[in-house]
Each structure stands twice: as C-alpha cells, then as structure tokens.
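*Asks:* Each chain, letter by letter, is given below.
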Amino acid sequence: MNQPAKLEPIPLDSPAIQRPDPGAIERVVRAPVLIFIASAVFWLLVSSCLGLLASTQCHRPGSLVVLSDLPWLTFGRVFPAFQCAFVYGWLSSAGIGVAIWLLSRLSNTAYPTVYLPVLSAVTWNIGVGAGILSILGAGGNGRELLDFPFQAAFLLLLAFLFFGIWAVLVIWNRAPDSVFISEWYIFAALLCFAWSFPTANILLNLPQSSIGPAPGVSQGAIHAWFEKGLFGLWLAPLALAVVYYIIPKLVEKPIYSRKLALLGFWAWIACAAFGGMTVFIGGPFPAWMVTTAIVANVLALIPVLAVAANFHMTTRSAVEAVRSSLVFRFVTFGAMIFTVYGFEAAANSLRTISQVTQFTLVTLGQNHLFLYGFCSLILFGAIYYLVPQLLNRPIIFAGIANFHFWMSVAGLTLLWVVLTIGGLIQGFGLEDAKVSMDSISDLLKPFLMLQSLGALIIIVANFAFAVAVALIFLLPGRVRWRSHVPETSVERTPEVTVA
Amino acid sequence: MNKFAKLFFGVFALFGASWLGLVAYPYITFAGLQPNKDPNTGAVAPQGNPGTADQGARVFAANGCVYCHTQFVRDRNEGSDIERGWGERRTVARDYMFDRQVFLGNARLGADLTNVGVRQSDPQWYYRLLYDPQSLHPASVMPSFRYLFREQRVLGQISADALKLNGPGAPPDGYEIVPTEDGKAIVAYLLSLKRNYALPEAPKPAE
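So the protein sequences, as listed, match chains A and B. Each residue of the first sequence is one higher than the one before, counting from -1 in this note's numbering. Each residue of the second sequence is one higher than the one before, counting from 37 in this note's numbering.
Only chain B is shown next, with the shape it has when bound in the complex (with noise of 0.2 angstroms):
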C-alpha cells in the first residue's frame, strides 16, 4: 500500500494545485465583485439582468447556441472582435457578474453575442432570424427555430410581436405566426445582452 500512498498524494498534490488555482481561486476573487459606480455621473455598471432574461438564458442552454456562438470580446491586439464591431472594448470579468450562466463559448461558426443587443434592437429582426436564418443570412448555417413560434388564429387586431412573413412562407389568411414563451424568452435575453458600459479595468478608446 505503501506503493499507492506515494502515488495517491502525488496526483492529489498536483490536481489539488489546479483546484486551488483555477476552481477555488476564481471562485473566491470572482465572487467579491462589485458593480462600478461612475464617480462623476454617478452611474451604477453593470447593472442586473431582467428577470426574462434570465429566463431566456435558460432557453439559450437548452438549444445548444452556445456551440456556435461565443459571448467574450478580445482585445484589440489579440484578434479582430474589436474591428468586427462585436464590442468597443474587451470584456472582463465584471460584465459578467450578474450572469446566473455565462456563455462564453469556444467556437464562432457564427457571430460573437456579447453586444448583440447593442447591434439589434427591434425584437422582430430576432424573431425573423430565429424563425428563417436564411432570409437574413442566405449563406448562414444556423438552424431554424420554428419549434420557437405556433401558428394562431387573428383574433381582432394582429399581435403586436407577429412575424411579418410574405411569399409562400406566409400563414395562411386570417392567420399569425406569433412567437412562443421560450422564444419571447430567448429574444428578451439576446436584446439584454449589452457590454457597451465603460469601466476602469476596460475603458472604451476614445472619441
């Protein structure tokens, strides 16, 4: 046995090490976090998440966008996000702090999200993306989400979130197609999503 407590303490010596630096560590720093407050406007960044938001994320994780999309901004010199418009700034630790679930992704078949709310915000451009990608992107590889939206009857006025489809894709006459709870979820977080805040550690370039 003698043999095995060498051996035991070893790799409990090394993995421990890790656990300490990246699991322990990260954990303790992250959670102390505070939201900066703007000493001359006064300004409280970031701020929490809407509570459909949060409902939205769960949306999020459960369809799997994340395998496409990533949710982090580098800097200027360590790759193209910056240029591409994804964000002003690199993100830090901070934008994230209210998140029940981060995002953070490592493969980018599609665009960064980190300030997706900041580049679109009419919820139809989302509803339109969700339920034909191809319509917006012809190239695109994103999969529909029709299971998103049902099909309903006009009862009066058109609802005021329809999808505004023409052509043969069209509902039939008397007829909507209007997003479901999960999609109005999924749609409130993607506009939710804005790391457009200056901060300290992050300052935007200037003017």
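In isolation and in its complexed conformation, chain A is listed as follows (with noise of 0.2 angstroms):
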C-alpha cells in the first residue's frame, strides 16, 4: 500500500449517468481541434523564423545591410511580429484547440452545434495573419503583445467570442456532474481573457474614441495589468489545465490532493491578476501599484509550489514505462519549468535584483521559459496525445517526437541560460554610470550571437514537431472509430473533482 491516504478514486459506476461514447465526442470536436492544432503549427514555424532573423539583427546589424532596405524585415517590426504570431498564432490557437477537446470530454457532451468552433478558428486565423502582415507593414502599435491593429483585434476577439459561446453552452449542457479541476482553469482562462483583451485594445488601440487612448501614463498600468492578465491568467491556466487531466490519465491516479488544487487556483488567480506592475519598478506610478505587485509575484510562490507538490505527490509512484513515454515527459517538464518560472518571477521583481535585472535582457529569459518552456512544452505533450486520438492513429515517428523534445530542451535551456548571464552582465553595466552604453553593447555581442543559436536549434525542433505531426496527419492508417477506447476514455481513469 504505497499509495497515499487521501487517494480516493470515484466510484466509477455512479449513478447511471448516460454518457455519450468517447468516439462519438471526437467525431463531433475532431474538425475544430485539428483546424486550431494544425495553424497553431503553421504559426509556430512562421513565429520561430521571425525569431531568428529577429536575433540575428541583433549582433550584426551592420552586414545585414540589404535588411535595412526592406523596412519590413526591420527589427522593429520583425520582432514585435515574432511575439505577437507565437503568443497568439502559436500558444493561443493551440490552447483552444486543446480547450475545445478538454471541455466536451470533461462534459461529457458534444454541443452539436460544430460550426461555431470552426467558424472561431477561420476567424482566429485571418486575424493573426492581417495582424502579422499589418505588424510588418508599419501598422504596428509600439505595445508589446497589443501590437495587432485594432480591425485585427477585433477580428481575434469575434473569434474569441465564437469560441466563447460554444464553451458556455457545453458548460451549460454538461452532464450533471462533478466539475473538474482542468474546467475550472479553463473557465478562468475564458474569463479574464473576455475581459482584459477588449479592455486593452479599446483603451489603448482605439484611435481617437470617446474613452480612448487612456489618459497619460494610465496607458503603462493598462498595458501591464493586461499583459500580465494575458500570460498568467490566460495562458497559464490552459497550460495547467492540461497538467491536470493528462498527468491523471497517464498515471491512471487521481491528483494527489483536491485541497492543494483548489488552493493552487485561487491563490495564482489573485497573485496573476494583481502582478503585472513589476516591470514599471521605478516608473511614474503610485507608490502602492507597484509593491502590490511586488507582494503579488512572492505571494505567487504559494500556487506555484501547491501546483508543484501536487504534481510531484501524483506521479511519485508514476511506473517507468509511464514516466519514459513522450507525452508524459513533455507535460511533466513544462510543469516542472513552471515552477523555476514562479521561483525567478519572484526574484526578478524584487527591488535589490530588479536594480540590475530590470530591462536587461534576463526578462527576455524569463519570458522565454514562460512561453517556451511552460506552456509550449505542455501543448507540444497535450497535442502528442490527442492527435492521434482524434485520428486513431498511432505516433508513427516517435523518434522525431523524441528528437524534437531533446532539441527543444537544449534550445531553450541554451537560450536561458544565455539571457541570463548576459543580462546579468548587461545589467551591472547599467548599474555603473561610468560604463558607455557602447562598451555594454560590445560586452552582450557574444550572448546575442549565441542568442541566435538558440533561436536555430528552436526552429530545428520546432520544425521536427510539425514534421512529427504531419505524419500523424498523412501517413495512412483508416480512420475507423473504435466504439469504446479504454486508456483514454473518461469512465475508467478516475480523475479528481473539485468542489
């Protein structure tokens, strides 16, 4: 008996809830995942090109000359693109589209109604794109991740909306049962992003509007609570949804503790919503703004380490067959990375470190780990296992899946380690007046360049990932619906249920 006392798996055959059969749910859901999956792919290559050229500017800005003719490929543009086609190209497409599935599974209904979901990724698609192009094009608003102009905001959040309405009503037609944890973040997920996108873009993008553009430095406040709102209470929540439904499902284990999961949510809820302000340490605000954000991303440590404990505690007595499989190694290593992510969010927003960290090139790093390494390992793991469910198909390649988890590591862990150190010395050069602002450019040439070849072997993982899922694709193999499938299917893996 080495399981752990409070492991309470529900009883399976409660009362005779008439649930449809799993295939029939993926036969209704299976066009609007894989329509959101395979352009978030499309995205993810585009995005981690922009990348790189994006970085290579940097350390060679003066032989790239021709660059500078084609106003275009300009770093200005290029790089607020690159963030811009991964955040909401990449993470954001992908997240819905594993969101879709997560809640008709968990519901244990199919809205019929499919045309809303595909209608939501059409819609997402054209709007990335116009926003990119027009990003290139000049059309860019000078805001990190708000740089869409607003007739290609608007677009994204008609898409958001589609989409929107067709979770509520799957929520609202749910079989009557317990609510998930996963549900719970991506209900949060549905609502902070409703409401700070449009928020954001109305007060800041809007040109010349009744309420708009927001009065003086009330745009950096703006900016930042949506930002913040954009990555912690948007993107983290569908990232750690997944968590908690695969990492149950491969262990075949409920979550360890239902307490520390509903501590995790809450807590992370509040310290998101009110962190953002850290990067305006020093800047023109009320004093309060800024040390409630302070508090917030130490408080933050709290959901950060329940959600890891968690973690830990459910997949400790996880068997090696289990822990050595793909999927479970990349949703395991991005939860993992998570908790390093909360560990340096910490750090960096403290006053005495973010002297020297504050706009240096360690919050790119950070970043990084954040997007990269948290929520894109974490769907990378979460697309592994639903493709070839919703294809019945089996990974064909694994050792490309296997080649892109290694190279994806090494890339990112590259790159980290890379933007920290340099930063680091960038941001001590700051510190110290006597140091020309020439002489820390000289000092940070090396770390750019290895900048680059980091952003290089991310693309060739990437490129790996979209070539592994292509053959899950295309690579034949009839796809015939098994009425009943048993190592996914919601009835035989307990899972734990909150409230």
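Note that these hints are calculated values from the structure, not bench results. Note that the coordinates shown come from a computational prediction; the quantities given were computed from them, not determined experimentally. A portion of the hints provided could be inaccurate.
[Claimed, not checked] Lysine to any residue pairs mimicking SDA-like chemistry, simulated, CA-CA at most 20 angstroms apart:
| no. | chain 1 | residue 1 | chain 2 | residue 2 |
| --- | --- | --- | --- | --- |
| 1 | A | Lys443 | B | Ser176 |
| 2 | B | Lys42 | A | Trp170 |
| 3 | B | Lys39 | A | Ser255 |
| 4 | A | Lys432 | B | Arg144 |
| 5 | B | Lys42 | A | Ala265 |
| 6 | B | Lys39 | A | Pro69 |
| 7 | A | Lys443 | B | Pro82 |
| 8 | B | Lys39 | A | Lys432 |
| 9 | A | Lys443 | B | Arg144 |
| 10 | A | Lys432 | B | Glu119 |
| 11 | B | Lys39 | A | Trp170 |
| 12 | B | Lys39 | A | Val177 |
| 13 | A | Lys432 | B | Glu124 |
| 14 | A | Lys432 | B | Gly121 |
| 15 | B | Lys39 | A | Ile163 |
| 16 | B | Lys220 | A | Pro69 |
[As the list claims (entries may be wrong)] Just a few of them, taken from the derived set where beta-carbon distance is under 7 angstroms, the chain A residues facing chain B:
| no. | residue |
| --- | --- |
| 17 | Gln55 |
| 18 | Cys56 |
| 19 | Phe73 |
| 20 | Leu117 |
| 21 | Val120 |
| 22 | Thr121 |
| 23 | Ala136 |
| 24 | Asn139 |
| 25 | Pro213 |
| 26 | Ser216 |
| 27 | Gln217 |
| 28 | Lys247 |
| 29 | Ile267 |
| 30 | Ala271 |
| 31 | Ser439 |
Note that beta-carbon positions come from the ideal geometry of N, C-alpha and C, so glycine has one too.
Starting from two chains that each stand alone, build the complex the way the hints lay out.
*Replies:* What follows is the structure in structure tokens.
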C-alpha cells in the first residue's frame, strides 16, 4: 500500500449517467480541434523564423545592410511580429484547440453546433495573419503583445466570442457531474481573456474614441495589467488545465490532493491579477501599484509550490513505462519549468534584484522560460496525446518526436542561460554609470550570437515537431472509430473533481 | 451550474478588483491631471506637443523603437539613470499627460529617450544616427533605418536637411540623401522629448 491515504477514487459506476461514447465526442469536435492545432503548428514555424531573423539582426546590424532597405524586415517590426505570432498564432490557437477537446471530454457532452468553433478557428487565423502582416507593414501599435491594429484585434475578439459562446453552451449542457480542475482553469481563462483583451484594445489602440486612448501614463498601468493577464490568466490556465487532465490519465490515479489544487487555483488567480506592475519599478506610478505587484509576485510562490507538490505527489509512484513516455516527459517537464519560472519571477520582482535585471535580457529569458518552457512544452505534449486519438492513429515516428523533445530542451536551456548571464552583465553594466552604453553593447555581442544559436536549435525542434504532427495526419491508416477507447476514456481512469 | 456560479463570481471578484486598481483608478486619476503653473515665473509645464511630434510618435510606434528604448527615469536611489545623464530628476505622471501614446518601455538595449531632445538638439545628429547608427556608435546593435530616407537629384541648392556624407556611403555627384516625411516626423518627435522642467512632486536637485 504505497498509495497516499487521501486517495479516494471517485466511484466509477456512479448513478447511471448517460455518457455519450467517447468516440462520438471526438467525431464531433475533431474538425475544429484539428484546424486550430494545424494552424497553430503553422504559426509556430512562422514565429520561430521571425524570431531567428530578429535575433540575428541584433549582432549583425551592419552586415545585413540589405535588410535596412527592406523596412518590413527591420528588427523593430520583426520582433513584435515574432512575439504576436508566437502568443496569438501558436500558443493561443493550440490552447483553444486543446481546450475545445478538454471541455467536450470533461463535460461528457458534445454540443451539436460544431460550426461555432470552426468559424472561430477560421476567424482567429485571419485575424492573426492580418495582424502580423500589418505589423510588418508599419501598422503596429508599438505596444508589446498589443501590436495588432484594432481591426485585426477585433477579428481575434470575434473569433474568441465564437469559441466562448460554444464553451458556455457546452458547460451549460454538461452532464450533471462533478466539476474537474481542468474545467476550472479553462473557465477562468475564458473569463479573464474576455475581459482584458477588449479592455486593453479599446483603451489603448482604438484611435480617437470618447474613452481612448487612455490618459497619459495610465496607458502603462493598463498595458501591464493586460500583459500579466495574458500570461498568467490566459496562457497559464490553459497549460495547467492540460497538466491537470493528462497527468492523472497517464498515471491512472486521481490528483493527490483536492485541497492543494483548490489553494493553487485561487491563489494563482489572485496573484496573477495584481502582479503586472513589476515591469515599472521606479516608474511614474503611485508606489502602492508597484509594491502590490511585488508582493503578488512573491506570494505567487504559494500557488506555484502547491501545484508543484500536487503534481509531484501524483506522479511519484508512476511506473517506468509511464515516466519514459513522450507525452509524460513533455508535460511534466513543462510543469517543472513552471516552478522554476515562479521562482525567477519572484526573485526578479524584488527591488534589489530588479535594479539590476529590469530592462535587461534577463527578463527576455524569463519570458522564454514561460512561453516556450512552460506553455509550449505542455501544449506539445497535449498535441502528441490527442491528435493520434482524434485520428485514431499511433505516433508513427516516435523517434522524430523524441528528437523534438531533446532539441527543444537544449535550445531552451541554451537560450535561458545565455540571456540570463548576458542580461546580468548588461544589468551590472547599466548600473555603473561609468560603463558606456557602447561598451555594454560590445560585451553583449557574444551573448546575442549565442541567442541566435539557441533560436536556430529551437527552429530545428519546431520543424521536427511539425514533421511529427504532419506524419500523424498524412501517413496511411484508416480513420476508424473504436466504440470504446479504454486507456483514454473518462470512465476508466478516475479523475479528481473540485467542489 | 451552481458550482460554475461560485467559480464565476470568485474569478470575477478577483480580476475585477485588479481592474479597479490597475485600470479604472489610474484612468480616472491621470485624466484629472493639470499642468503645473510656477507661482513665481508663471511658466506652465509641461506644455502640449507640436503636431509633427504626434505624427512622429506614430512612426516611433510602428517601427518598434520601444522594444529597445525606455522613456522613464528612475530616482537616484533606484538606479543609475540620473547619473548616466538621462535626466536631472525622476519622471512623474504629469510628464506624460499630453502624450497621445506613452512609450514607457521595458528594455534598454539602447539609451533611455526621456530627455533625448535635451541631450541632442541638432536634427543632423538624428538623421545620421537613423541612417547609419554604427557611424556614431560603432558597437551599437541598432538597425539602420535607411528606408526613412530617399536619394534625390539636387535641384539648385542642396537641401537643408540633406545628410552630410562622405566616403563610400556618399551619394553620387548631383544627388543627395534626404529624410522622407516619416523620417522628418520621427526626428521632430525625438527632438520634442524634453522633460527637463521642474515639477513640485519631482524637484530638480539643488544647483
């Protein structure tokens, strides 16, 4: 009996709820989920190429003179295009796709309207494409992750509403059953994005309206609130929803502690809502705004550790076969990086440390850790998990996926180490007024070169991922729906429920 | 649905509180700012921005300058900004009250621009920097913005804002390189960046 005492599997044969056959659910949501995922992979490739292009310009500004005649390839446009393609094109699309699947799976219902999510996928992609082209064509707003002109942002909002309405309908029609932790996270993500994205776009990017642009420096506060919400209350909950679903599935055990999960959930929402203003330490704001954010970032260690402890206890007794499985590695590695990120974010928000790291490459490395290490690795795992299920095919070339795993870990590690060390050198340089900006640039050159190497490795990893996913799609294998899928069905593996 | 109602109100309350504190509060507070009138001299500060500067801010935004340049000065005990000569005092909310778009920024791969118009008042310096940053700062990682310039035939006298180039980069005889409308606008914007007046909430250090 090496199981924790608290472990109480939910009775599986609980009062005969008429559950649709899992194959039926997947047949209904297959189209929108696969459209979202396929387009997400496409945007991932686009963004990683843009990222490398932006990075190379940093250490070879002179030798790429040809680029200076191509305004749409200048760093100041390629870099925001890279960020937006990554966050809206890749992470959000993949996150929505996975959320559609999770919601219909966990609600045990498939709302018959498949048109809404399909329409959402199409509109979302048009919005992302239009936004990226506008940024490259001098239409960007000069606001990080709010760079899409308002027309493109409007398309994204419309697409989000299609998805959101569908999600609410699914939740409304769910089988009367307990609520899963994953559903909590998805629900919170829906609510926060629906709130922050239009708010920020209306107050900051709408030209000449009665309420916008927001007065003076309140723009900075609104922007910081939005950006923290985008990371902490949109992307992070989507990724955590995946972990809370997949880990118990793979380990075939419920989540270790429901109470810890609850604590982790609510504490994270509270901390992420208030943690944005640390980017403006020393900025032109009332002191309480920044101080609250510092406290929130330090307190965020509570939910980060609660989540980490819960996952650790759940996976602790996992057998070797599960541990070495590809999906498990991607998801647990991503979840572990969430812990590392939590510690780094807390440290970097302290005034003494931020005095050095603020404005430097350290913060860029921290963002990579969050966006690539945490969110992307988990979504990679989710895609490897669900695409074969949706198509009823195996991962045919697991070797490629394995290569993808190691390359992304290597690329990320290199990037993070290089940006952190380079950023610290930059930060100490900036702190010493006797060190000129020119000599700081000089010191940074080797690190910026290594950054390009890291970006290159990540491109290789991402292309390997695209190949692995494409092979699942393309290689022969008749799509045949099994009436029962034992290893994945909701019935067989108990999952913990909340509330 | 009951469980979702609890969830809805919980998240709504938490995120709503942050909306009140970080969106509604600063919006209302900073909308009510008034420029400062010096009781002795009667001088009003800050003053509004000229129209060309607003136009240039658009160019500044569209070309992503904010991804490497900040526009705020921290107090002496919070960083070396003042020592570096990026300003004589910390910046405060009133400094930005007339800006249609505020570029606080979060990265300093380049210098802070809060007071760049004070440090460099010659448009030629800016043109040269934008055209070929490495000619002024050899180690700089700033990209060249040649697309903000165009080559044209000299008609009569050479234009006042033509670039003074010599060596291999110089245009052929009878031609000159002049800034485009966007190029002129962004320089007008940069020249307008002067937050060097005194405000009661952020006094300049005693002379």
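*Asks:* Look at each hint and say if it fits the structure.
*Replies:* A quick look at each hint next to the structure:
Restraint check: the Cα-Cα separation between Lys443 (chain A) and Ser176 (chain B) comes to about 10 angstroms, which is no more than 20 angstroms; the hinted pair holds. A C-alpha spacing of about 14 angstroms is found between Lys42 (chain B) and Trp170 (chain A), which places the hinted pair at or below 20 angstroms, so the restraint holds. Taking the CA atoms of Lys39 (chain B) and Ser255 (chain A), the gap is near 19 angstroms; set against the 20 angstroms cutoff, the hint holds. A distance of roughly 16 angstroms separates the Cα atoms of Lys432 (chain A) and Arg144 (chain B); the hinted pair therefore holds under the 20 angstroms criterion.
Between the alpha carbons of Lys42 (chain B) and Ala265 (chain A) the distance comes to roughly 16 angstroms, so the proposed pair stays at or under 20 angstroms and holds. This hinted pair does not check out: Lys39 (chain B) and Pro69 (chain A) have alpha carbons roughly 53 angstroms apart, beyond 20 angstroms. With a CA separation close to 39 angstroms, the supplied pair Lys443 (chain A) and Pro82 (chain B) exceeds the 20 angstroms bound. Only pairs whose Cα atoms come within 20 angstroms are accepted, and Lys39 (chain B) paired with Lys432 (chain A) is rejected, the gap being roughly 60 angstroms.
The straight-line distance between the Cα atoms of Lys443 (chain A) and Arg144 (chain B) is roughly 15 angstroms, inside the 20 angstroms bound, and the hint therefore holds. Distance restraint check for Lys432 (chain A) and Glu119 (chain B): the Cα-Cα separation of roughly 9 angstroms lies within the 20 angstroms cut-off, and the hinted pair is therefore satisfied. Distance hint between Lys39 (chain B) and Trp170 (chain A) is fulfilled; the C-alpha atoms sit about 11 angstroms from each other, no more than 20 angstroms. A threshold of 20 angstroms between alpha carbons decides the hint, and for Lys39 (chain B) with Val177 (chain A) the separation of about 7 angstroms falls inside it, so the pair holds.
Taking the CA atoms of Lys432 (chain A) and Glu124 (chain B), the gap is near 17 angstroms; set against the 20 angstroms cutoff, the hint holds. Under the criterion of a C-alpha separation no larger than 20 angstroms, the hint pairing Lys432 (chain A) with Gly121 (chain B) is consistent with the structure, at around 11 angstroms. With a C-alpha separation of about 19 angstroms, the suggested pairing of Lys39 (chain B) with Ile163 (chain A) holds against the 20 angstroms cut-off. The straight-line distance between the Cα atoms of Lys220 (chain B) and Pro69 (chain A) is roughly 16 angstroms, inside the 20 angstroms bound, and the hint therefore holds.
Taking 7 angstroms as the C-beta contact cut-off toward chain B, the hint placing Gln55 (chain A) at the interface holds, the least distance being around 6 angstroms. Look at Cys56 (chain A): its Cβ gets to within about 5 angstroms of chain B, closer than 7 angstroms, so that hint holds up. Given hint, Phe73 (chain A) at the interface with chain B, holds; its Cβ is 5 angstroms from that chain's nearest Cβ, closer than 7 angstroms. Below 7 angstroms, beta-carbon pairs count as interface contacts, and Leu117 (chain A) has none with chain B, the closest being about 24 angstroms; its hint is therefore violated.
For the restraint placing Val120 (chain A) at the interface with chain B, the shortest Cβ-Cβ distance is roughly 28 angstroms, beyond the 7 angstroms limit, so the hint is violated. Given the 7 angstroms rule on beta carbons, the hint for Thr121 (chain A) is violated: about 25 angstroms separates it from the nearest Cβ of chain B. A hinted interface residue such as Ala136 (chain A) counts as satisfied when its beta carbon comes closer than 7 angstroms to some beta carbon of chain B; here the least separation is about 4 angstroms, so the hint holds. A least Cβ separation of about 6 angstroms between Asn139 (chain A) and chain B falls short of the 7 angstroms threshold, and the interface hint therefore holds.
The closest approach between the C-beta of Pro213 (chain A) and any C-beta of chain B is roughly 4 angstroms, which is under the 7 angstroms cut-off, so the hint is satisfied. With a cut of 7 angstroms, the hint placing Ser216 (chain A) at the interface with chain B holds, because the nearest CB-to-CB distance is about 4 angstroms. Hint on Gln217 (chain A) holds. Least Cβ distance to chain B is approximately 5 angstroms, under the 7 angstroms limit. Because the closest C-beta pair between Lys247 (chain A) and chain B is about 22 angstroms apart, greater than 7 angstroms, the hint is violated.
Evaluation of the Ile267 (chain A) hint against chain B yields a held restraint, the C-beta minimum of about 5 angstroms falling below 7 angstroms. The beta carbon of Ala271 (chain A) comes within 4 angstroms of a beta carbon in chain B, closer than 7 angstroms, and the hint placing it at the interface holds. Checking Ser439 (chain A) against chain B by beta carbon gives a least distance of about 4 angstroms; that is within 7 angstroms, so the hint holds.
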